[in-house]
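S.K.: Numbered per the working numbering, the sequence shown spans residues 2 to 270.
Keep in mind that the hints were calculated from the coordinates and are not lab data.
With a cut-off of at most 30 Å between alpha-carbon atoms, the simulated BS3-like pairs for lysine-lysine come out as follows: (1) K227 to K153; (2) K153 to K84; (3) K250 to K187; (4) K84 to K227; (5) K254 to K187; (6) K261 to K250; (7) K187 to K261.
Computed spacing ranges between beta-carbons, pair by pair: (8) F110 to T225: 19 to 29 Å; (9) L33 to T107: 29 to 39 Å; (10) T206 to F48: 22 to 32 Å; (11) Y239 to V200: 28 to 38 Å; (12) F110 to M134: 51 to 61 Å; (13) V150 to H85: 17 to 27 Å; (14) F48 to N242: 26 to 36 Å; (15) H85 to G255: 52 to 62 Å; (16) T225 to L189: 39 to 49 Å.
Idealized CB from N, CA, C, for every residue including glycine.
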Amino acid sequence: MKRLFLNFLFVLGLLSVVATANAQRFVGSAVLGMNCAQIEGDDIHGFTKFGVNAGLGVHLPLNRAETWTVSAELLFAQKGSYKHCSEGYFDTIHYDRSMFEDVNRTIPFNPNIKCNISLDYVQIPVLFHYEDMRTGCKFGLGFSWSRLVRAKEIYNGFTRYTNVRSGTFRTSDWSILADADIRLYKNLSLGVRWEFSMVPIRQMTYICGSPNASGGFEILRNETNKLRNHLITVRLVYYINEQFARNTKTNNKGELIGTKWVRTIPNYN
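Using the sequences provided together with the hints, build the complete structure.
M.R.: Set out below in structure tokens:
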């Protein structure tokens with residue numbers, strides 16, 4: 002955790018140097034949103050794992066018109082994968098207890114869960130943004146580093162001895178990000194962000210089979226996949242220290258050009 006905050010302070014320090022050199026200003030933001038997540042390669046499909054995406058950010062304008070900015074955020078982000086079992090699932094596909102050496106047998110088998118992987122991260126995303134002043138839409142592209150702070154796993158009804166220190170999942174997750182924001186009202190924006198792990202967070206071997214006529218267990222599939230976080234996030238972003246004024250620009254027909262509220266750009270001397 003100490004390393005995480007040192008990295009965030011390093012990013013802030015770097016932005017501070019750039020801001021001082023360009024006589025620019027910082028813009029703060031507060032973020033609250035929901036992650037819709039899945040894990041690529043875990044044999045479960047769909048963005049059906051929901052979690053929190055919340056934290057604080059700083060934004061540095063890169064030009065005087067403030068159409069280009071760079072941002073750094075410190076977020077709490079819940080990722081993972083989830084699938085509910087259909088009725089009769091464990092009657093038709095058999096998973097032998099002996100194949101799971103890391104099963105926590107003190108926790109009862111749950112026939113309702115095919116998969117429930119919960120991964121909580123503290124995350125530092127860094128993105129470059131372009132804003133269209135006429136529409137108030139902002140587009141961003143960047144990367145993030147995440148530190149795993151909590152891990153829990155139920156697979157095929159069995160709870161495993163999975164945690165941060167078990168080594169089941171990588172403690173660092175490097176991802177690429179792309180997002181789009183639209184201003185709802187003055188300082189409040191609605192954003193959608195896409196995220197995908199550049200480095201696998203785990204290698205997992207799947208063993209699937211069914212009982213045979215002799216009473217044994219016939220393996221139907223045995224494969225090893227590389228797992229990666231994949232998620233879509235819907236977020237509300239509130240920009241703390243930005244000022245807005247009513248837009249007075251109109252065309253020849255008297256129609257408003259751009260959004261109702263426009264950001265006031267400070268005079269840099």
